[in-house]
Amino acid sequence: MASVQETRSSSSIDETQFSEGVAAFREAVKPLASLKLSVFLFACGIFLVLAGTLAQVEKDIWDVVASYFRCWVAWIDFQVFFPKTWVPNMQNIPGGFWFPGGWMIGGLMALNLLTAHALRFKVQAKGTRMIWGLVVTALGIIL
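Throughout the sequence shown, residue numbering follows the working numbering, covering 100 to 242 in sequence.
A portion of the hints provided could be inaccurate.
[Claimed, not checked] Pair ranges (Cβ atoms, derived):
#1 Phe220 / Asp113: 34 to 44 Å
#2 Val234 / Trp202: 25 to 35 Å
#3 Leu238 / His216: 12 to 22 Å
Bear in mind the hints are in silico, worked out from the structure with no lab data behind them. Cβ coordinates follow ideal geometry from the N, Cα and C atoms, glycine included.
Let the sequences and hints guide you as you build the complete structure.
This is how it looks when you write it as structure tokens:
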């Protein structure tokens, strides 16, 4: 009888440690699920689209796609923001700055969305409904 009690008490300690670990993980991941981060990343995406659109004045569309949107970090020249048609007297402006590219912004947005979903929504389906939901989701990912 004593061994049964010892087993129960050790398993309850394990469950307590597990729930504390889950709580600590949730607190550590919480900043990734913030709405402020979502808005900031959305604004970065809008700015990148603006810079990419203005860069097409001087570059081919596929060069812009490769150097702004299909990269992790993009180099944006200052000259992009002063096209010849807008300010003909301000040409040959040197320099530029590094900015998160399309892959980085999109990846962080996906991470933000998945983290927010995992923290805020609980699975309610059980049994057959859960299985069918997972099957439909898997088919959607495959197709």
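Structure-based check of all given hints:
Take Phe220 and Asp113: their Cβ atoms lie about 27 Å apart, and the range 34 to 44 Å is violated. In this structure the hint that Val234 and Trp202 lie 25 to 35 Å apart at CB holds, the actual value being about 31 Å. Roughly 20 Å separates the CB atoms of Leu238 and His216, a value that falls within the hinted 12 to 22 Å.
Of the hints listed earlier, the one the structure fails to meet is number 1.
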